[in-house]
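Trainee: Just so you know, the protein sequences line up as chains A and B, in that order.
The opening position of the first sequence corresponds to residue 1 in our numbering, with each subsequent residue numbered one higher.
The opening position of the second sequence corresponds to residue 1 in our numbering, with each subsequent residue numbered one higher.
Keep in mind that the hints were calculated from the coordinates and are not lab data.
Hints are not guaranteed to be accurate.
[Claimed, not checked] Taking beta-carbon pairs under 8 Å as the criterion, some of the chain A residues facing chain B (in silico):
{"hint": "1", "residue": "D185"}
{"hint": "2", "residue": "Y217"}
{"hint": "3", "residue": "S223"}
{"hint": "4", "residue": "G275"}
{"hint": "5", "residue": "S277"}
{"hint": "6", "residue": "L278"}
{"hint": "7", "residue": "L285"}
{"hint": "8", "residue": "Q333"}
[Claimed, not checked] With a cut-off of at most 30 Å between alpha-carbon atoms, the simulated DSS-like pairs for lysine-lysine come out as follows:
{"hint": "9", "chain 1": "A", "residue 1": "K397", "chain 2": "B", "residue 2": "K171"}
{"hint": "10", "chain 1": "B", "residue 1": "K273", "chain 2": "A", "residue 2": "K139"}
{"hint": "11", "chain 1": "A", "residue 1": "K111", "chain 2": "A", "residue 2": "K30"}
{"hint": "12", "chain 1": "A", "residue 1": "K370", "chain 2": "B", "residue 2": "K171"}
{"hint": "13", "chain 1": "A", "residue 1": "K53", "chain 2": "A", "residue 2": "K225"}
No residue lacks a Cβ here, since even glycine has one placed at the ideal position from N, Cα and C.
Each chain, letter by letter, is given below.
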Amino acid sequence: MARVLENIGKELLRSNRIPTPDFSAVSIVKEARKAADEIGYPVVIKALVTAGKRGKAGAVKFAENSDEVEEIAKQILSMTVHNFPVERLLVEKKLDISQELYVSIAFDSSKMMPIVIASSAGGIDIEEIARTQPEKIIKYHVNMREGFHLYEAKEIWSDLGLTGSALQKVTPILWRLYQVFEKYDATIIEVNPLAMTSEGEAVAAAILMGIDDDALYRQPDLSDKVEMGSDRAWRPLTALEKEMVAVDASESYRGTARYTEMEGGDIGFLCGGGGGSLLVYDALLRFGGKPANYTEFGGNPTETKVTGLVKGVLSKAGIKGFLMDANITNNTQTDVVAKGMIRAFKDLGIDLKDFPIIVRLAGVNDVEAKRLFSEAGLEYYGDDITMEDAARLIVDKMRRAYPGEAN
Amino acid sequence: MAILVDKNSKIVIQGITGREASMVTKHALAYGTKILAGVTPGKEGQDVEGIPVYDTLKRARQERELNISVVYVPPAFAYDAVMEAIGNGIKLILIITERIPRHDVAKFLLAAREANCTIVGPNSVGIINPEDRVKLGAIGGDNVERCFIPGEVGVISRSGGMTAECSWMVKKAGFGVSTSVSIGGDPLIGSPPKAILSLFEKDPKTKVVVMWGEPGTSYEEDVADFIKEGGFTKPLIAYIAGRFVEQMPEGTVFGHAASIIEGGMGRPSDKMKRLRDAGCHVADNFNDIIQILPQVMPK
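Whole structure, please, built from the sequences with the hints as guidance.
Mentor: And the structure:
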């Protein structure tokens with residue numbers, strides 16, 4: 001899933017006849033002031049970052065005049081919201097709200113269908129509404145073959161107690177939101193609050209939107225508007241992570257790899273498989289180890305790619321040991337992985353006698369892999385031990401290599 | 001007996017002429033699996049490892065009786081390939097293709113449910129029944145016996161790689177598998193664990209099931225409810241990976257696309273508790289599966 005920044009999402013909604021407050025995206029204080037003067041006071045100023053729950057982080061504030069705008073803009077631009085440094089702001093007309101509603105559209109992995117969640121109690125987290133006022137929530141599954149009809153939108157709001165002009169206003173909004181969900185291959189659209197203003201208009205006041213990155217090939221207009229890979233990081237990518245993306249992309253036709261830098265740690269860690277990596281990371285922690293990164297690879301990578309990955313893992317400061325731990329491969333050639341890994345250690349000139357390494361790598365061509373690793377002097381295991389055993393071995397080896405340190 | 005595939009499976013491979021599909025076809029034939037036809041538009045008249053290729057599934061069915069399709073078609077064409085299989089009366093479709101747009105997946109899953117057709121995947125590494133030597137997909141590679149030997153344990157896994165590793169753990173414990181099913185790591189799939197468990201329940205050969213779970217989705221919670229309702233009555237051993245994800249900021253994917261904790265939902269610790277409360281044998285360590293299996297295996 002690729003998140004969409006709020007200004008982009010709101011432009012998409014407006015071009016599909018869903019009202020939003022007037023807004024402007026700016027990156028410096030002076031622009032913020034100018035934008036607010038044009039929009040008219042009072043205004044809302046929000047940090048323009050992909051992280052959610054900005055209000056709770058203090059990154060959504062109101063301003064009554066130009067001086068307040070400058071002060072608040074300066075303040076928010078110096079903030080880091082949920083690990084994302086704020087580089088841009090959204091300056092928006094503050095609405096005069098008479099009622100706050102909630103609506104989201106996403107996929108339900110239980111029923112494997114789109115689910116519309118609507119509530120007459122918006123403005124707070126849906127989890128909180130579910131806990132405190134569950135009677136004010138409707139969950140409605142959409143049959144994609146039939147599509148989502150206007151009358152279904154009407155029934156949802158009517159069942160939530162809306163009537164009169166409010167019902168007339170919000171019905172087409174919900175219907176159009178579903179059209180937007182389909183049209184742009186969205187994985188989630190959340191409008192919270194969907195505001196009823198004192199003038200009786202329904203306006204998408206705050207939104208959150210994610211696009212299916214697997215569908216971007218058929219959404220050419222969106223490809224430069226979404227934040228790629230934003231669901232795989234809880235902060236902007238680090239320099240090392242960006243390098244590893246380049247390593248993976250350099251030979252995109254073979255093998256996939258994902259590298260996530262973790263805080264601290266001394267064990268460089270490379271794991272085969274998206275599931276296996278979860279297992280091994282848990283095991284390292286359980287045995288008292290300190291993994292420095294989370295890395296998975298699969299799909300039969302080339303030797304060059306493996307070398308690049310291993311070098312990247314080892315380049316992080318503080319790495320004092322290395323674990324290669326993979327599930328028994330279905331198609332990844334373990335001898336190729338062995339060659340790539342051994343080359344990385346050779347290139348970096350690491351003395352293997354002083355550097356704790358454990359390899360657990362079984363599967364295609366592992367007789368050759370075993371020979372290569374043994375020849376290079378690396379402690380190698382195939383399917384004679386389990387993946388968890390290998391995690392325990394590296395933790396023990398680290399303790400022996402660095403006695404005095406609290407591992 | 002086993003589930004999903006057996007000696008009577010009449011298999012066709014859609015997208016058979018692709019690089020991976022041809023290699024997998026070769027391995028499957030060497031294992032003893034009968035593959036009757038392949039489909040790749042524009043390539044009728046060719047063959048892959050001696051298997052005839054047809055332009056359309058309709059053409060293939062005029063020549064052969066077919067009831068199972070394995071889909072290797074690239075993501076942009078996968079929706080149509082699956083609809084073609086459903087439209088031609090195929091009753092089990094295994095989708096290997098990764099990264100199919102989610103809206104497409106939701107649409108063909110609905111169409112399959114309405115046509116009473118079972119889908120496994122997308123993003124599955126395969127299904128294997130070692131007794132009948134039937135394997136669909138890359139599962140087991142060219143050295144099947146290393147992980148998969150015939151037996152009475154069913155395996156369900158959200159991870160392709162761990163389907164093999166779990167089956168190998170079963171072998172290490174001194175048992176074999178009835179059927180191992182890689183269900184796919186996506187948030188929208190044709191056969192979540194609960195659906196596979198309901199098949200294992202009815203299979204007399206399967207005595208125990210081992211399940212590999214991950215963070216995200218409600219698949220494991222749904223299994224707990226299913227056991228409580230009496231839908232599955234055999235011993236179930238579950239391992240839930242990714243407990244460290246609970247310590248990370250919410251909304252971050254680790255591993256497979258569906259492996260994400262959002263809005264407090266999908267936490268491994270909650271899944272483990274729910275499964276334990278339902279009477280399931282939850283392994284704290286993955287290694288524990290080796291000790292638990294002989295204890296729960298009916299004599």
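Trainee: Within 30 Å, alpha carbon to alpha carbon, are K397(A) and K171(B)?
Mentor: Holds, at roughly 28 Å.
Trainee: May I ask you to test the interface hint for L278(A) with respect to chain B, counting a Cβ-Cβ separation under 8 Å as satisfied?
Mentor: holds (4 Å)
Trainee: Double-check L285(A) for me: the hint is only fine if its C-beta lies closer than 8 Å to a C-beta in chain B.
Mentor: Result: holds, 6 Å to nearest chain B Cβ.
Trainee: Mind checking the alpha carbons of K273(B) and K139(A) for me, to see if they're no more than 30 Å apart?
Mentor: holds (26 Å)
Trainee: For a C-alpha distance cap of 30 Å, please report whether K111(A) and K30(A) respect it.
Mentor: This hinted pair is violated, its Cα atoms lying about 50 Å apart.
Trainee: For K53(A) and K225(A), compute the direct alpha-carbon distance and say whether it is at most 30 Å.
Mentor: Satisfied, since the Cα-Cα distance of roughly 21 Å is no more than 30 Å.
Trainee: Have a go at the G275(A) hint: is there a Cβ in chain B nearer than 8 Å to its own Cβ?
Mentor: Result: holds, 2 Å to nearest chain B Cβ.
Trainee: Can you confirm whether the C-alpha distance between K370(A) and K171(B) stays at or below 30 Å?
Mentor: The hint holds at about 22 Å.
Trainee: Is the hint on D185(A) kept, meaning its closest Cβ partner in chain B is under 8 Å away?
Mentor: Where the cut-off is 8 Å and the nearest Cβ of chain B is about 6 Å from D185(A), the hint holds.
Trainee: If you take the shortest Cβ to Cβ gap from Q333(A) to chain B, is it below 8 Å?
Mentor: Nearest chain B Cβ about 10 Å off; hint violated.
Trainee: Given a cut of 8 Å on the nearest C-beta pair, is the interface hint for S277(A) held or broken against chain B?
Mentor: holds (6 Å)
Trainee: Would the stated hint for S223(A) survive a check requiring a Cβ distance to chain B of less than 8 Å?
Mentor: For S223(A), the interface hint is violated, since the closest Cβ of chain B sits about 14 Å away, which is over 8 Å.
Checked against the numbered hints above, the structure breaks hints 3, 8, 11 and satisfies the rest.
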